[in-house]
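Position chains E and L against the provided structure of chain P, taking the given hints into account.
What follows is each chain in one-letter form.
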Amino acid sequence: MLSFLLRRLVVALGVAVAVSALSFALIFLTGDPAIAIAGSGGSAGDAEAIRLAYGFDRPIVVQYADWIGSALTGDFGQSIYFNIPVSEIIGNRIPVTLTLGMLAFLAALAIALPLGVAAAMRPNGFIDRFALVLAVSGQAVPSFWLGLMAIVVFGVWYGLVPISGTETWQGYILPVLVLAYSAIPELMRITRSGMIEVLNTDYIRSAQAKGLPTGRVILVHALRNAVLPLISLSAVQLGILLSGSIVIESVFAVNGLGRLAWESLLRSDLPVVQAIILILSLFYVVLTTAADLLNAWLDPRLRGGAA
Amino acid sequence: MTLETAIAPRPVSRLRKVLRNSGVTLGGLLILIVALLAILAPLIAPHDPYAQDLTQRFLPPFWHDRAVPEHLLGTDHLGRDYVSRLIYGARVSLGVGVGVVIVSGFIGISLGLIAGYFGGWIDMVISFATTIRLSLPIVLVALAAVAMGGASFTTLVTVLGLLLWDRFAVVTRAATQSLRHQEFISGLQAIGARWPRILFLEILPNMRGTILVVMTLEIANAILLESALSFLGLGVRPPMPSWGLMIAEGRENILFDPWLVALPGAMICLLVLAVNLLGDGMRDLTGEARK
Amino acid sequence: MTAPLLDIDDLHVTIPTDRGDLHALRGAGLRLESGKTLCLVGESGCGKSLTAMSLMGLLPRKARQSAGRFALMGTDYAGKAPKAWANLRGRDMAMIFQDPNQSLNPTMTVGVQMTEALRHFEKLSKAQAEDRAIAMLDRVGIADPRSRLGQYPHQFSGGQRQRLMIASALIGRPKLLIADEPTTALDVTIQAQILQVIAELQDELGLGLLLITHDLGVAAAIADDVAVMYAGRVIETGPVAQLFAVPAHPYTQGLMVAIPVPGRTRPGTPLPAISGRVPGLIGGVTGCAFRDRCALAGDGCASDPLPRHAFASGGFVECTRPSLSETRP
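Residue numbers (the UniProt record's numbering), protein chains in the order written: chain P, 1 to 307; chain E, 1 to 291; chain L, 1 to 329.
For reference, chain P alone in the conformation it holds in the complex:
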C-alpha cells in the first residue's frame, strides 16, 4: 500500500513537471516569442527590447527554472496587456471557474447516477432507452451551440434566466446545466455498465438469497462496488469540465479562467495563457491522483495489503 502510494505520487510529480515544461515551451512554438509579443506592428528594435526585458536571451533551461521557481511561489510574471502581475488577474477568476465546474459536475452526477442505476436494473427497459437517447444526444450536441440556443429559448423568449454574466446566482443556472449535459453521457454509461456487471455477480445473488430488501441490495451491496470505477472517471470528467468551461464561459460571458484565457490569446498576452494552462493541468493531475488514492483507500483489497 505504501509503495503504491509513493509510486503514484512520484508519477504525479513527474507529470506535473512535464506539463509545466510543456506550458512553458508553448510560447516558443512559433520561434521567437519576442516578435510574437511585439505584434505585427512592432519593429525589430521593439522585439530586441522585449527580448531583453523578458530575458528571452538567456538559455531556455535557465528561463524555465526561473519561471517555474516563481510560479511555485504564486508569481506568474507580468501580464503584457495589463502590465500588472498575472496572479492578480487570475486570482479572482479561479473561484468563478471552480464554482461553475463543480456545480456542473454535481448536477451531472445527480442526474447520471440514479439514471444509470435505474437503467442497469432493467436493461432495454423504458428508463434504459430514455437514458440511451439522452446519452447519444448529449454526445452529439456542441455545448456552445446548446448554450446559445438555451439563451434564446429560456433567456429571451421566456425570460426565465439572465442571458449573461454571473453577478446573480440565477446567472449560473444555464451555464451549469449546459456544461453538465456534456458530462452526463460518460458518467451514466460507466454507472450503468458497472451496475450491470455487479448485479450479475454471485455476491449480489447471495445478498438477495439472504432476503435483504431490494433497496439495500442495490444501494449498499451493488452501488458500493459499482462506484469504484466511477471515482476515477469523476476526476477525469471534473478536469474536462474545468478546462471545457472555456467555451461555455465565452458563450455566457462568465468571467472565469477560460474566458480570460481566450481573451488573452486574442491579445497575445502569453504569460496569462501559460499560467492558466499550467493551473488547469495541475488541477487535473491533483484530481486524478486524489481519485486513485481514494480508490485504493475505498477498495479493501487494495487497502488491506498492510492489514
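It should be emphasised that the hints constitute simulated quantities derived from the structure, not laboratory data.
Mixed in with the good hints there might be a few duds.
What the hints assert, rightly or not - Here's a subset of chain P near chain E, in silico, CB distances under 8 angstroms, partners left out: (1) VAL10; (2) GLY14; (3) GLN139; (4) ALA261; (5) VAL273; (6) ILE276.
Model, not experiment: these values are computed from the prediction.
Glycine is no exception: its CB is placed at the ideal position from the N, C-alpha and C atoms.
Okay, now just chains E and L, sitting in the frame of chain P:
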C-alpha cells in the same frame, strides 16, 4: 427432421447482420448523405458559398413570410446563400474529422503497438506521455497552438492530430498486450519474424474492429472540437464556410435571426450523431463477434 | 402425518431466448422431509441449479415459472404472488452457492454481511447480532471469531469463506438449506471438512438439506434420498441405498457404471461413458428426453405421458422399460 433442427436459426450473412443493427444502418446512411454533400458540393449547391450580395442580407428560411424561393434557407449577414454555405460546411467538418484521425491514428496506434508489444521501460515512457497528454486542457492548448501557428485548415488538422492520439494509444496498447502472448505470435517470433512485420501485419489486423470504433469516436471528437475552435475564432479562417464559424457569425444576430445559429448547429449535431451511431453499432457488432 | 418440509410438483421454468423458448424445467418434482438430506444429481445443464434458483425465487427476470404444487411446511404457494414466496428467503430458507470466492461482497466486512439479515428481520441490536455471528463462526470452525468480524473476505482462505457462507446462511435459523455444489470450487482436502460441517449443523438444527451435486460420491456419503435429474425432469428418485444398489432408469445405470470403484475398476481402462448428447430444450421435447442415447429405447418412448413406476420402498422411476428388481420393492 427433429424439432431441434427445425428451430435452428438460418445462417445469417455478415452483411445482413450489419444491416440488422439499426445504429450502423442509420448512422452509415446519414454519413453517406453528408459525404455526398461534401464531395458533390459544387454540383448540388445552388449558389457560390462565397458570393456576397449586400442587398440580400438576413433573408429568412422558407417557412417565413419574407422568404424568397431563390434562397431556401435564407442568407447570412453578408447576403451569402445559407444552403450553399451549409453544404460546403460539410467539407470542412468531414475534412477535419478524417484528416485529424489519419494523423492522430497513426501516432496513437504506433505508440500503442510499441508500448504493448515491448513492455518494460518503453511501455512506461509511452504511458507517461499518454498521462501527460491527458493532463493538458485540450481546448485551451489547441486554441493556443492554433493562435501560434496562425488559424488555418492545415494548422487545425495538424494541431488536433497531434493532440487526439491518446485513446488510440490506450486501446491499441491494451489490445496488443492481450495478443502478444498468443501462440501465433510466439510462433512468428520463433521463426525469426521481425517485430515491425509482427506488429503491423499480424497484430494490427487482429484489432481492426476495435480501431474502427475508436476512429469513429475520434472523428466525432475532432468535428466537435473544430466547431468549438472555429466558433472561438481560432479554427478555420473566414470566409471558409465552417459550421462552427457560421454559428459565431450568426451569434451577433441571434436575437432577431436565430436560425443563423440553429441551422449550422443542427448540421453538427446530425453529423456527430451519425458518426456516434455508427461507432456504437460497430462496437456492438465487434463485441458480438468477440463472444 | 405431518406435511413434508418441501413439496414441489410439476415445476416448469421457461426462458425466452433469441432462438425461441428454452424449456429448462419440464415438470420437475421434489419432496424433502425435515431433518433429511435430498441430493439432486445430474449432468451440468440438466436444470439442477435452475431448480435451486427457482426455489429461492431468484430466477432471471425474464424467466417464466409455473408449478402444480410449490409448498413449504404445508403451505402451498403455487399460483400465489411471487412476493409471498420471496418473503421466505433468509428466514425459512437459505442458500449456499458454488463459489465462495465470488459469493461474499469484497467491499463489506464479514461482520456486516453476516449480521445484516438478522438486524433486518429480527431487529437485533448491533451487539446482539454480532454475538450471534460470533457463536455461529465459532460453530463452523473459524478461530478467533470476534476479531475476524471486522475483516474483509479477501483476508480469508477459500475453505474459510465457504464456512463463512454456511455460518451466514444458517445464522437466521432457516428450516431449509439449499446448497448448490458447495464443495466444487474447493480443494479436495477441504471438501470433506465442509461437508462434515454442513452435516453436523444439519443434525443440530434439524435442517432439511437440498444438496445439488454432480458428484455421486458426495451423494452416496451424505444423502438420505437421491433425485436424478435429466433434461429438466426428475426421472428417478428413491432412498440412497436402494437407488444406488438397484438403479432402475437406464440413465441412472449409466451414471453408476461411470463411477470408478476401488477394487472393481481396473486402473488404466477407460470408464464407460454415456454416448450421445443431451437434447436441446428449445421449442419443447415430447416423450423421454433420454431415448436418443438409450440402448433400450423403443416404441412408446416418444409419447407423453411416460409411465411412472412407484417403489414401495419410496421413490419412483419414469421409464417405459425400467429395470425392476425384487431387491428394490
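Out of the numbered hints, which ones does the structure contradict?
1
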